[in-house]
Amino acid sequence: MSILKKAIISSLGKAVQFIEAYQYPVSVHYCAVPREKFTDAAKAMKNEYALLAAEWATDETLFGRGYGIFACYRWGSEYLIVKIQIPADDPAFPSITNIFLPAYRFERQIESLMGVKPLNHPDLRPWIKFEDWPQDAYPLRKSFDASRPMPRVAGQYDWIKAEGEGVYEIPVGPVHAGIIEPGHFRFQAVGETIINLEERLGYVHKGIEKRFESMRWEDGFRLAGRVSGDTTVAHSIAYCMALESMTGCALTERAHWLRAIFLERERIANHLGDIGAICNDAAFAFMLYQMMRLKEMVLRTNLKLFGHRFIMDKVVPGGVVVDIDEKGKQEMLAELDYLAKDFDRLVDIYRENPSIEDRVRDTGVLKPEKARELCVVGIVARASGLNLDCRIYHPFPPYDQHDRIELDVPVPITGDVYARVKVRIGEVRESIRIIRLMLEDLPAGRLTSPVTLPSAECAGFSAVEGWRGEIIYWLQAGPKGEVNRCMVRDPSSVNWLGLEQAIHGNIVPDFPLCNKSFNQSYSGHDL
Amino acid sequence: MIRILRQIFRTGIVTEPLPGEVTAEIEQVGARLEETVRKRFSGSLAIRQVDAGSCNGCELEIHAINNPIYNCERYGIHFTASPRFADMLLVTGPVTRNMEIALRRTYNATPSPKLVVAVGDCGCNGGIFGESYASLGGVSKIIPVDVYIPGCPPTPAALLNGILKAISKF
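If you read the protein sequences in the order shown, they are chains A and B. Here the first sequence stands for residues 1 to 527, where the numbers follow my numbering. Here the second sequence stands for residues 1001 to 1170, where the numbers follow my numbering.
Hints in this document: simulated from the structure, not taken from any laboratory. Yeah, the Cβ is synthetic: ideal placement off N, Cα and C, and Gly gets one too. Please note that the accuracy of each hint is not assured.
Here are the simulated lysine to any residue pairs, SDA-like style, with alpha carbons at most 20 angstroms apart [stated by the list, open to error]: (1) LYS341/A <-> GLY1012/B; (2) LYS341/A <-> THR1155/B; (3) LYS142/A <-> GLU1131/B; (4) LYS1141/B <-> GLU60/A; (5) LYS341/A <-> ILE1128/B; (6) LYS341/A <-> ARG1006/B; (7) LYS341/A <-> GLY1151/B; (8) LYS304/A <-> GLU1016/B; (9) LYS1141/B <-> ASN353/A; (10) LYS370/A <-> LYS5/A; (11) LYS341/A <-> ILE1008/B; (12) LYS314/A <-> ARG1010/B; (13) LYS314/A <-> TYR1133/B; (14) LYS480/A <-> PRO151/A; (15) LYS341/A <-> GLU1131/B; (16) LYS341/A <-> LYS1169/B; (17) LYS327/A <-> ASP441/A; (18) LYS367/A <-> TYR49/A; (19) LYS341/A <-> ARG1040/B; (20) LYS1141/B <-> LYS370/A; (21) LYS1141/B <-> ASP441/A; (22) LYS142/A <-> TYR1133/B; (23) LYS304/A <-> ARG1006/B; (24) LYS341/A <-> TYR1133/B; (25) LYS1141/B <-> ARG152/A; (26) LYS304/A <-> ALA1158/B; (27) LYS367/A <-> ASP510/A.
The following label-pair restraints were derived from C-beta to C-beta distances [to be verified]: (28) ALA1109/B <-> ALA92/A: 56 to 66 angstroms; (29) ASN98/A <-> ALA1109/B: 19 to 29 angstroms; (30) LEU119/A <-> PRO1111/B: 49 to 59 angstroms; (31) GLU1035/B <-> ASP145/A: 27 to 37 angstroms; (32) ILE1004/B <-> ARG216/A: 47 to 57 angstroms; (33) SER1044/B <-> GLU357/A: 46 to 56 angstroms; (34) HIS504/A <-> ILE1004/B: 50 to 60 angstroms; (35) VAL167/A <-> LYS1165/B: 43 to 53 angstroms; (36) ALA1109/B <-> LEU447/A: 24 to 34 angstroms; (37) ILE1004/B <-> GLU331/A: 49 to 59 angstroms; (38) ILE1101/B <-> ASN98/A: 31 to 41 angstroms; (39) ASN47/A <-> HIS1078/B: 38 to 48 angstroms; (40) ASP408/A <-> GLY1043/B: 32 to 42 angstroms.
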């Protein structure tokens, strides 16, 4: 029996009810506990060294049963979803923030957007919801009319303040100096040293989760591909996989492999851009231009072979819509040869440059114990010694074929900017290696398989390792089989907390460098 | 250091000319761009980019026009850190409710005469996000727009083309 299942049963006994034939894939366990046992369940998970992957709410009035609060825990390759039912006339639930730190923002978001109050939560300031929204606007509730603009009301956000002699404050954003997304950062500093950073996000909240509810299942992949433009492939794969698991659609091997090739190419392109940009923020512009050149080459090959520079909208429910022929394969292999050689030369230059090393070593350290406490994912987790990668743990096809695709990603433990660059360098090389493997061994078959629509009252889950890290989708079909809820958990939703912690004690001029080394998505977080 | 120099020499100048039809397009756009920038903006066009709610796809392509291959700086185009000395706002959308005020403030902080270019399908009309409680739709719902560059996201060549179209209106 799975570890998490055993742990929750031994701790809660008969109070846990495992629900079969509702949530797919069946490998992800799904159970219901009474509302007052929610924290006990969290404690049982904590004792088992599980991490909190996501926490979200659903409005289940269409099923005639109030609200649902869900917490998804991860341990190794296992996922366990714990659900509590909340009556409509008493929308409150026990907070688990004191047990799992990342619940801090998840629960603020649940309160702000769904109006279900986390009891004993240490900080109930709204999140995503701004102070000028009407107080009773809860967009994720079914009764909320999402098509109408909301009036602005007066209100104020209570910033955390540091006081004392010589403490000053630097507000930054939402419109930043570079070509990046909007968000607000408030630093409290003494001299050059940052003593606290408070993030304020939500500026690019486009109402994506609500939007999904008004779309048809077969169209949602396009919206998923635009949750975070730089991760378009991974998000559409995650959406499609969740939908496919609900409907029992089996993809051809070829479709799985092509998806993986797209995913790895997305990883390469973004990592190249990041390595360059990190160096640029340490005034090493040479590397930025060299990496941007390589990135452009990858994007152009994408355009030529697959018809889009970021391979947007090419992953659809049931498979993919573009194929690769023999000529295309040769072209990609030649591109990868050139890329691998040039990349190695650039990495040598990076490694031998003492002035860049001086900037990136011991800067923005996220200690392994902090990383575990915050349940961060992806490159940020791996740079802090937390070996999480859904391509290895809870692998999805084709990564589950360990005899054919074996992955070896670096997991340093220093947690500084240097480590995050090191992970990216290692992953670019791994991605090049496995794309070559996949091209050589590409199975034959159809590109798409027919997808039926989900039946009423079922749910689908997926976890996909995008270039930033684990992306989770949880889809729920309503009483008529329509989209009742589409929960999106981008890696940024948890990793932004990591940046706040990593910055303590660093100097203000190193903030861009640290921020770039995390490079989290604002859009993926704000939704 | 010697490795850096060697890599620079090995790379050479990668700025277009490029194979295929992209070249012709860029060359053509580029030549006209440079001339217009020289004539109307004394050789330098300062752009302030504002993300008013995009998915960051458009930002990737705006970054790309700064890469050594498209190298927009050769036409005198550069991106500034502040709207206070910008000639043009390059706005990606859709404009979210939470960014509306910041966008208006940025617009007001930009000295007149100024140009506004709406980038991407979402910047043009709200795109897939449409109009809702959180998304107000295209950029023109909030501030006057001079030129639209559609595409999801628009290619770097389309971006350069759109910028040219905007400054030839000036």
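Hints versus structure:
Between LYS341/A and GLY1012/B, the direct Cα distance comes to roughly 16 angstroms. Compliance with the 20 angstroms bound is thereby established for this hinted pair. As the CA atoms of LYS341/A and THR1155/B are separated by approximately 28 angstroms, the hinted pair breaks the 20 angstroms bound. Distance hint between LYS142/A and GLU1131/B is fulfilled; the C-alpha atoms sit about 18 angstroms from each other, no more than 20 angstroms. At roughly 35 angstroms between alpha-carbon atoms, LYS1141/B and GLU60/A are farther apart than 20 angstroms, so this suggested pair is violated.
For the suggested pair LYS341/A and ILE1128/B, the alpha carbons sit about 40 angstroms apart, so the restraint of at most 20 angstroms is broken. Of the pairs offered as hints, the one joining LYS341/A and ARG1006/B holds, with about 14 angstroms between alpha carbons and a cut-off of 20 angstroms not exceeded. Distance hint between LYS341/A and GLY1151/B is unfulfilled; the C-alpha atoms sit about 34 angstroms from each other, more than 20 angstroms. Among the hinted pairs, LYS304/A with GLU1016/B is consistent with the structure: their alpha-carbon atoms are about 17 angstroms apart, no more than 20 angstroms.
Between LYS1141/B and ASN353/A the CA atoms are separated by roughly 49 angstroms; this puts the pair beyond 20 angstroms, and the hint is violated. For the hint pairing LYS370/A with LYS5/A, the CA-to-CA distance comes to about 26 angstroms; that exceeds 20 angstroms, so the pair is violated. For the suggested pair LYS341/A and ILE1008/B, the alpha carbons sit about 15 angstroms apart, so the restraint of at most 20 angstroms is met. As the CA atoms of LYS314/A and ARG1010/B are separated by approximately 36 angstroms, the hinted pair breaks the 20 angstroms bound.
Our distance criterion of 20 angstroms between C-alpha atoms is broken by LYS314/A and TYR1133/B, whose separation comes to about 29 angstroms. Pair hint LYS480/A plus PRO151/A does not hold up; C-alpha atoms about 33 angstroms apart against a cutoff of 20 angstroms. Between LYS341/A and GLU1131/B the CA atoms are separated by roughly 47 angstroms; this puts the pair beyond 20 angstroms, and the hint is violated. Only pairs whose Cα atoms come within 20 angstroms are accepted, and LYS341/A paired with LYS1169/B is rejected, the gap being roughly 46 angstroms.
The hinted pair formed by LYS327/A and ASP441/A meets the criterion: a straight-line CA distance of about 15 angstroms does not exceed 20 angstroms. Distance restraint check for LYS367/A and TYR49/A: the Cα-Cα separation of roughly 17 angstroms lies within the 20 angstroms cut-off, and the hinted pair is therefore satisfied. Simply put, LYS341/A and ARG1040/B have alpha-carbon atoms about 44 angstroms apart, too far for the 20 angstroms limit, and the pair is violated. At most 20 angstroms may separate the alpha-carbon atoms for a hinted pair to count; LYS1141/B and LYS370/A exceed this at roughly 44 angstroms.
A C-alpha spacing of about 51 angstroms is found between LYS1141/B and ASP441/A, which places the hinted pair above 20 angstroms, so the restraint is violated. Proposed proximity of LYS142/A and TYR1133/B is supported: the alpha carbons are some 14 angstroms apart, at most 20 angstroms. In summary, the hint linking LYS304/A to ARG1006/B is not supported, as the alpha carbons are separated by about 30 angstroms, beyond the 20 angstroms threshold. Among the hinted pairs, LYS341/A with TYR1133/B is inconsistent with the structure: their alpha-carbon atoms are about 50 angstroms apart, more than 20 angstroms.
Simply put, LYS1141/B and ARG152/A have alpha-carbon atoms about 17 angstroms apart, close enough for the 20 angstroms limit, and the pair holds. Of the pairs offered as hints, the one joining LYS304/A and ALA1158/B holds, with about 17 angstroms between alpha carbons and a cut-off of 20 angstroms not exceeded. Of the supplied pair hints, the one linking LYS367/A and ASP510/A holds, its CA atoms being roughly 18 angstroms apart against a limit of 20 angstroms. A hinted range of 56 to 66 angstroms for the beta carbons of ALA1109/B and ALA92/A is inconsistent with their spacing of about 44 angstroms.
At about 43 angstroms, the beta-carbon gap between ASN98/A and ALA1109/B misses the expected band of 19 to 29 angstroms. The hinted range of 49 to 59 angstroms is satisfied by LEU119/A and PRO1111/B, whose Cβ atoms lie roughly 52 angstroms apart. Roughly 52 angstroms separates the CB atoms of GLU1035/B and ASP145/A, a value that falls outside the hinted 27 to 37 angstroms. Taking 47 to 57 angstroms as the suggested C-beta distance range, the pair ILE1004/B and ARG216/A conforms, at roughly 54 angstroms.
Our hint of 46 to 56 angstroms for SER1044/B and GLU357/A is violated, since their Cβ atoms are close to 36 angstroms apart. Evaluation of the 50 to 60 angstroms hint for HIS504/A and ILE1004/B yields a failure: the beta carbon distance comes to about 34 angstroms. The beta-carbon spacing between VAL167/A and LYS1165/B, approximately 49 angstroms, falls within the hinted interval of 43 to 53 angstroms. The supplied range of 24 to 34 angstroms is broken by ALA1109/B and LEU447/A, whose beta-carbon atoms lie about 50 angstroms from each other.
Restraint check, ILE1004/B to GLU331/A: a C-beta distance of roughly 30 angstroms breaks the suggested window 49 to 59 angstroms. The hinted window of 31 to 41 angstroms between ILE1101/B and ASN98/A holds, with their beta carbons roughly 35 angstroms apart. Taking 38 to 48 angstroms as the suggested C-beta distance range, the pair ASN47/A and HIS1078/B does not conform, at roughly 56 angstroms. Take ASP408/A and GLY1043/B: their Cβ atoms lie about 52 angstroms apart, and the range 32 to 42 angstroms is violated.
Comparing the model with each earlier hint shows violations of hints 2, 4, 5, 7, 9, 10, 12, 13, 14, 15, 16, 19, 20, 21, 23, 24, 28, 29, 31, 33, 34, 36, 37, 39, 40; every other hint is respected.
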